Every structure is written in C-alpha cells, then in structure tokens.
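Chemist: Each chain, letter by letter, is given below.
2 protein chains.
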Amino acid sequence: MLCDQTPSTDCILSKKKRVTLADVARLAGLSTSAASMILTGRPDTRLSPEAHARVHEAAATLGYRPNAAARALRTDKTQTLAFISDHIATTRFASGLIRGALAESEAAKQVMLVLETHGDPALETRAIDEAIDRQVDGIIFAAMRSREVFLPEISANMPMVMLNGTSKQCPTAILPDEFNGGRAAVRLLAEAGFSEGLVLVGHNADVEEGLFRSETVIRRLDGIRTEMAERSLSFDDELSSWNWEPENGYKLVKKYLKHERPKALLCLNDRLAFGAYQALAEAGLSIPDDTSIVSFDNDELASYLRPGLTTIALPHETMGREAVRMLLDAKADAGAQLVEMEAVVRGSVRDA
Amino acid sequence: MLCDQTPSTDCILSKKKRVTLADVARLAGLSTSAASMILTGRPDTRLSPEAHARVHEAAATLGYRPNAAARALRTDKTQTLAFISDHIATTRFASGLIRGALAESEAAKQVMLVLETHGDPALETRAIDEAIDRQVDGIIFAAMRSREVFLPEISANMPMVMLNGTSKQCPTAILPDEFNGGRAAVRLLAEAGFSEGLVLVGHNADVEEGLFRSETVIRRLDGIRTEMAERSLSFDDELSSWNWEPENGYKLVKKYLKHERPKALLCLNDRLAFGAYQALAEAGLSIPDDTSIVSFDNDELASYLRPGLTTIALPHETMGREAVRMLLDAKADAGAQLVEMEAVVRGSVRDA
DNA sequence: ACAATGTGCTAAATCGTTTTATCTTTGTGC
DNA sequence: GCACAAAGATAAAACGATTTAGCACATTGT
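Chains A and B are the protein sequences, given in the same order. Under the working numbering, the residues of the first sequence are numbered 1 to 352, in order. Under the working numbering, the residues of the second sequence are numbered 1001 to 1352, in order.
You can trust all of the hints, since none of them are fake.
Sample of chain B residues with no beta-carbon within 10 Å of chain A, all distances over it, derived: (1) Ser1033; (2) Met1144; (3) Asn1204; (4) Glu1260; (5) Ala1283; (6) Thr1318; (7) Glu1322; (8) Leu1328.
Below are the EDC-like pairs computed for lysine to aspartate or glutamate, each with C-alpha atoms no more than 20 Å apart in a straight line: (9) Lys1168(B) x Asp1120(B); (10) Lys1254(B) x Glu282(A); (11) Lys17(A) x Asp1076(B).
Estimated spans, in silico, between C-beta atoms of each pair: (12) Asp1076(B) x Pro49(A): 35 to 43 Å; (13) Gln1337(B) x Thr226(A): 55 to 63 Å; (14) Glu1191(B) x Lys255(A): 33 to 41 Å; (15) Ala1352(B) x Ala336(A): 52 to 60 Å; (16) Lys77(A) x Asp1329(B): 32 to 40 Å; (17) Asn243(A) x Arg1018(B): 41 to 49 Å; (18) Thr45(A) x Ala1122(B): 27 to 35 Å; (19) His1118(B) x Thr226(A): 37 to 45 Å; (20) His56(A) x Thr1075(B): 25 to 33 Å; (21) Arg65(A) x Glu1057(B): 40 to 48 Å; (22) Thr45(A) x Asp1076(B): 25 to 33 Å; (23) Lys251(A) x Leu1123(B): 44 to 52 Å; (24) Ala352(A) x Glu1282(B): 21 to 29 Å; (25) Lys77(A) x Ala1022(B): 20 to 28 Å.
Everything labelled a hint here was simulated from the structure, so no lab data went into it. Since we're looking at a predicted model, the values are computed, not measured. Glycine included, each C-beta is placed from N, C-alpha and C at the ideal position.
Construct the entire structure; sequences and hints are all you get.
Modeler: Okay, structure coming up:
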C-alpha cells in the first residue's frame, strides 16, 4: 500500500473510505460519544463550549456526513418516507400529487422512496415489504382515481396516510372536496345567468349507482345535483359515458348537436370538455358566444384550449403536501381530510 | 412487563419487535452465521441440506425479513438507486423517464429514491448528499430538457448516468437520437410527396447558434436540415419562436396564414402543433386535406387531436429503462448512448 | 475533613447483519 | 494406529452510529 497512515490525508490507491464519526472525534481530541452528542445536538449534555467548537470544526474540515444505515440501525429512524402508488408517478394525470409530496418532504428534510404497483396486489405487498425493510418513517398510499383500496396487513405502529383514496386499514386520508367542487361548478353557471339549455356531459349511471367503486365521482355528482336542486335548476339532458377520454366527449356532443343547441355544457372532466370543444368547432358553434363550458380537473389541456377552459381544479399538489404533513404529525388519527377544489376561471363561460 | 420471556411468542404490551436473523437461527437450531449463509444463498458453503431446509422453513414461519440498514452497514449495498432530476417527477412533460426507470428498477429488485432539485445548484448538492448518505448503489441524473448539466464533485466510484442530458463529470449518458429523429420527420413529409409549400414552425436562431445550451434541439434541427439538403428540399419559410407553447404555435401560424397557404407544417414540438391546429381551424383549413402536419415528442396531446397528430416520439420510457440498465451494468463507461425516436403515424399527413 | 453535588467527559453495550477464522467430528489412506 | 483431510458447523469481529452507566476531578456545605 502506498497509503499514508493518517486517515485524514487522501489515499491515492485506497478506496477513499468515508470519513466516520470516529475520525471526527479523533481530530477533535474527544470520544466518539462526545462527538455524537454534540453533532446530534443533544440538549442536556454537559460538554464544554470548546468541545462543541472543536467537534463542529473537525466535522466541517473532514466533510463528515453521518452514515444513514448505521444511524437507522440504532435509532430506527431513517428520514425517509415511502410513496406507494398505483399509477401516479408513471402517468401524467395526477403528477401533482407526487410533486406536492416531494416538495413538502424536502421541506421536512425527508427523502422519498417511490414505488409503483400498477394496482397489482402482489406488487403492492412487495412494495410495502420493501418499504418496511428499509425502515421508512411512514408510508403514503396514493391512488390514481379516488377509490377504496385494499391494503395488506401492516404493522400497526407504522404511520400511514391514504392519498386520493380511502381504505379500511388506514383511517387517515386526504381527498379532494368533490362535493363542494360539484356545487362550485354549478354555481359558476348559475351565476352567469344560465337557467335553461344546460347539459351534463359524462354522467355515468353505473357510477352513480355505486357499481363502480369510485368515491370521488359519486360525490362530484352529488354536489352537482344538490346545487342544481337548491337553485331549482335541471339539466335538459345528460350525455352518459363510462370512459372520459376526449374521443367520447367529441362523439357524445357531436351526436347531441345534430338536434339540439345547448347553452351550456357541464363536463365531468377536462378531457371530455376537450372533445366537446372539437365537436362544437365542427358544428360552427363558438365558445363561449354560443355555448359555455365548465368542467373539472384543471388538466394541462385546460390552459391550452382557446378560449381557455374554465374548470374546477383538482388540488393535487396541495393534497400531496398535506399528506406528508399528516404523516409527520403524530396526532394523525385525523380521519379523512378534504381539500378544497378551486374554480379556475378562463374564457369558456360568458354571461347568458 | 407482562411480556413473556421467549422472544418468539407475541408480546402483548411490547412493540412487537421485528423478527431477526437470530430468531430464525434459534428456531432452526443453528447459529446466525449458518442462517445468514443459507438465506443469502452463498454458493460454496458446506452446510447440510437438512440445515438449509430447517432455516428456510424457520424463516418462512417467522415471516423473517432482513433488516436493510444492518445489511447496508455491513455490505455497503442497499438495493436502492437515486433518481435526481430537475423537474421530471414534478411535471408531466417527461414523466416517461421516471416511468421507465421505475419499471426497470423494479425488475432489477431495486427501489428508487426520487429527489427534485428544481435546477437549483444548492438543492442539487443536497440531493446528492442525501443519496450518498443513504449509500445508494447508483445515481441517475435526469434533466428536463436535454442539456449540459454541471454537477458537484462526486466520489469517483459511485455509478452514475445522465438521463436526457450530458455532463463533463459523468461520461455515460442516455439521449434521444434527435438527429435521426429530425431526418425521420422530413422523410415522412418527403415520402408523402411534398416538395414545396413546406414551413418550419418553431425554428429558433438563438438555439441554432448555440446561445442556448440545448444539445437536443440543435441535433433535431441538424437532422432536419441534413435530410432536407439530401433531398434537395427547402422550407418556404421558417416561423421562429423561443417559446414552444401552444399559444405561440397559434400566433405564428395565424399570422402566416394571412398571406400564405402552406402545404405542410413541420412543427418542432407537439404543443406548437397544437396551436397550429387551432389557427388552421380558425382559417377554415382542413388537416390533412389542406395542410399536413408533422411534429415531435408524441405528447399526450398528439392522440387527443383530430385528426391524430403524426409525430416523432421522444422515447422517454425506453430511455428511463436504459438508464437503470446502464447503471447496474458494471461495464458502464459506455459514453453517450442514443435511443431511437420512432415515428408515430396518425392522421395529420396526407399524400400531396 | 468529609460527604454531597456538579462538571466534563469516556467505556462499552447495542442495533442486525456478514464474514473470517476456527473448532470438532468423522472418515480415509497408509 | 496415526496423520490428514473433509464435512459441518460456530464464535467472534467487523460495519458506524447512539446511548447508558459511570469515572475522575473540582467545588461546595457543614
């Protein structure tokens, strides 16, 4: 070996071992215990101010960084969270959830392990195991569409929160306030003066009858119907579709336009609305002069359309942040927490 | 304590300690060393078949899972990778990168730590430190737009790959093959029989002169110009814009349509093309009957438009997968690796 | 003068693995 | 019979932190 003996000098041929707490202690002329206590900032220790200074200086000059594995082994804390989702990270639709979660966990000096299950129960179990093996400090379960999720059994003392979903096994959940979101959409149209010629696009009987297990859509419709009723309004028609892609919005509305001229469309999501734009354009109708449109989600699309689409936003980013906050708050038996859906007003609604 | 002494029975009041290798060994009637060797599947050990059976059985009945921290401490391996990006996880534009990386790392039995830096050098340094502290087995640096990235110094023996970017400090990189992508776009139009009335949308002089440090766009344009030249074609006009959002596509094309009727538009990305669709529709021109369009990226949008947008796809998912593969391959001084951009043909091109 | 109390620090155990070195049997060849 | 090897296992030392218990010395009160 051509290596020098002193550990602080760079070894050319060695693997440049990490500097350890012992190195810091040695340089500071103290024990590792002392160094540990000082660096972790223990409150009630009786070490001298000089000792503090020396240790901090030594750590700085050596560029000391604690070994996370060793610390985890001893303390059972890892400053690491797990974000286990069915499709969030891998699709663009709900990326706000992970964005918010990442932002907040960074603020809390945590890092995030991201695992995707594709909704496969086997992968779900595996993901949970992987997370627990690594002793994460908490787990966020995120669901693509708000829904009831079945989780494998988990040790009771692991902090958990459901994000955009609910589950028997996990009482605390973060959900969009779809009910009031639904009301807000109707309010937008009502306050613009519409009282007739209203059409609902995307209503799905199966969903409303609970055949499809989607908490969120039920509530969205609930809110819409409640607000309509309170204002003594009703839809001229409800165009029903199971699939909420642009294609369907286009077809539904195109067909409808053969015989009718609606004054306002309430689309159940932005992609349906996107299709509606296409159908209206083909029919030579102008938005919002001939037809107004309100919709839900505040997808990327909404801002690209002309005129911009007025829509009730899914507060994904806020939800993601909130999930991390709840997870790190010990008092987290808070049950379900609803996050407001704000109206994003663009140009697709004009006063009647 | 009301706890029973034997560690294998459930303690009602205790914290239900994890089952450890020692527990497994005890149940199997062997030493922890034996249990360790058997469970890690060491090849050259001389333990009896009976011993193997007993240990595996014990592990199974106890539901043993190794403690990752302890193992990491000993072996310096964590089965964990870091994905450090500027904006990938938090935006929808390049989510394919993370999707591919997650898929491949799952296949390789690794998990991924996801960190976002927002392009901030301070956060970049912090992210790297967090990753190294946790002894990740490798780091992927992902850049939103392919570009030259400056990284802080990193210990030399940490496997690294740049994804969608290049960097002096990290020789191995995964990039889209923009040059051939550019050629492919032109080929598509040329083979459809267009030889005049061609317009380039989004050309940016700054970029082409290298003022803006974007490797990828330069190559894309390079490919376009090369293929054009080889076929003795030229653009009637080049509509220039720094910003490639739908808004700009709309404005550029709308203005152009006041005096000209192009036969085919080559848009430098799908969002520009989206704007072009809007402008063409307003001008009463039909796609593809009056005007054909080819573009780049294969954004979500491309499939939503009617007719569907023919576009040269950014192979994000493949790139993500490839990045993980390179990272785990020891032979990874492979330099830059280009991933083919495939043409996705939809309905926006008709033979001239 | 001596117990009691404080002050500043350290030794050593511990977390749960992996790995090296070693130990006891048992069989084998000569 | 005896050396020697092979087989089947184990003890103990890491890995790098945190934490408990306690040591040595100085100060104080009586």
